[in-house]
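Student: Keeping their order, the protein sequence lines are chains A and B. Residues in the first sequence are numbered consecutively from 2, following this note's numbering. Residues in the second sequence are numbered consecutively from 2, following this note's numbering.
Just so you know, not all the hints are guaranteed correct.
One copy or two, it doesn't matter: identical chains are merged, so the pair holds either way.
Stated by the list, open to error - In silico DSSO-like links for lysine-lysine, alpha-carbon gap of 30 Å or less:
(1) Lys56 x Lys222
(2) Lys222 x Lys173
(3) Lys134 x Lys183
(4) Lys51 x Lys134
(5) Lys56 x Lys134
(6) Lys134 x Lys222
(7) Lys51 x Lys183
(8) Lys51 x Lys222
Hints in this document: simulated from the structure, not taken from any laboratory.
Number of protein chains: 2
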Amino acid sequence: MIRVVLVEPEGEYNVGFVARLCRNFDVEQLYIVNPRCDLRSALNFAAHGKEALLKAQVVDTLSQALEGVDLKMATSSDADNPGDILRLSIPPWTAAEVGRGKRTALIFGRESVGLTREEISMADFLLHIPASKEYPVLNLSHAVSILLYEFRREANRDQRNVNAESLSLLDKYVRLLYEQVKGRSVDERAYIVTKRVIFRGVRTEAEARTLMRLMRKLYLKLEGVWR
Amino acid sequence: MIRVVLVEPEGEYNVGFVARLCRNFDVEQLYIVNPRCDLRSALNFAAHGKEALLKAQVVDTLSQALEGVDLKMATSSDADNPGDILRLSIPPWTAAEVGRGKRTALIFGRESVGLTREEISMADFLLHIPASKEYPVLNLSHAVSILLYEFRREANRDQRNVNAESLSLLDKYVRLLYEQVKGRSVDERAYIVTKRVIFRGVRTEAEARTLMRLMRKLYLKLEGVWR
């Protein structure tokens, strides 16, 4: 479970966009600490995420916004200054892995100055999105979008869906085709490589069956059974 | 190398944000096809990405915006409708893997209606960001941020190494083989699926060349040139 926490956001459009993103990524909890902009105007940027904004928790302090979570992750575009222990950071993919299955608060600071050191020190981790060395400062709502995407990706890992029988039929057809042309320049290696490329690349049962049909027809034509 | 292509963008703030994102992720090429908003006002949202917008290429047609790239990837929030071959999609992480080391155009449609079917058919892949089933429609600049993040992440990884010429030869042989057996049960879909499976699965130049040799021999045998 993700909770998005915005600390003193200043821009209506960012707050609206973040509400939309909560809807886009099925985030149920949005907390806004002491907003510095007009939340009514923010609705204009929320598209179908208006409801997420209307039911957002508006609180006075960051501590209130962090009640009841297992993990607190602060975000910053300013990270990994040598010698500054508070700013040692983890990248989004590590954060998503660490956060998997936990009630995790993602804490985003002000557009102008980010989070204070005191606010960062309330978190368990500092999260930093790797970006251009010259200009790593992402706009607030874009940082939110990237993290929600990464956390969702982690939660849904392993979606490949091809059954073992189909893989074994694909293997059979690769072998049959290979045997039609094996020789000096096309040896056993060609069979193994082709099989591996296909096993890696195929993602769904529908794809597996389409490939099989194509290979079967090629094989039958080569055998002269079908023209 | 990434080229961001915006097709008929309608919102100043999105264009400005995208320019900022190009700067954030070191993207050198921004193409804008027939903008439907005021690019001067867009500068207000670009922060330190103003220069990326000032040097953006503004062109009349999508074809012009796609000149000189190796790979074209269309994006859509509307993907994977059963039976609609044009809308079979790949997720960002696969796209980033396939695009590694290539001059890749990421094509984004209008805020209101996205890309037309004709525009999508000009691309090699359709890219879809997995999101809420109820409301998967991301705002334009947020879709851009997620893809630039994912492509950057992939570029800093270290694995796949297949050059563009090899991919195009693989494509050619898949098409030649497909044409040998096309018919009722093996239609255009089979060609597209096979190409995608192979593009996804192939990892090295050596693998690509091995596959090519096998496909070439199959083709020559089918043509009766070689036994």
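Student: Could you run down the list of hints and mark each one as holding or not?
Tutor: Each hint tested on the structure:
1. Lys56 x Lys222: neither (52 Å within a copy, 55 Å between copies)
2. Lys222 x Lys173: both (16 Å within a copy, 20 Å between copies)
3. Lys134 x Lys183: This pair counts as neither: shortest intra-copy Cα distance 35 Å, inter-copy 47 Å.
4. Lys51 x Lys134: between (35 Å within a copy, 17 Å between copies)
5. Lys56 x Lys134: Between. Shortest inter-copy distance 20 Å satisfies the 30 Å Cα cut-off; intra-copy 37 Å does not.
6. Lys134 x Lys222: The answer is neither: 47 Å in one copy and 43 Å across copies each exceed 30 Å.
7. Lys51 x Lys183: For Lys51 and Lys183, the Cα distance exceeds 30 Å both inside one copy (51 Å) and across copies (50 Å).
8. Lys51 x Lys222: Cα proximity of Lys51 and Lys222: none, with 57 Å in one copy and 59 Å across.
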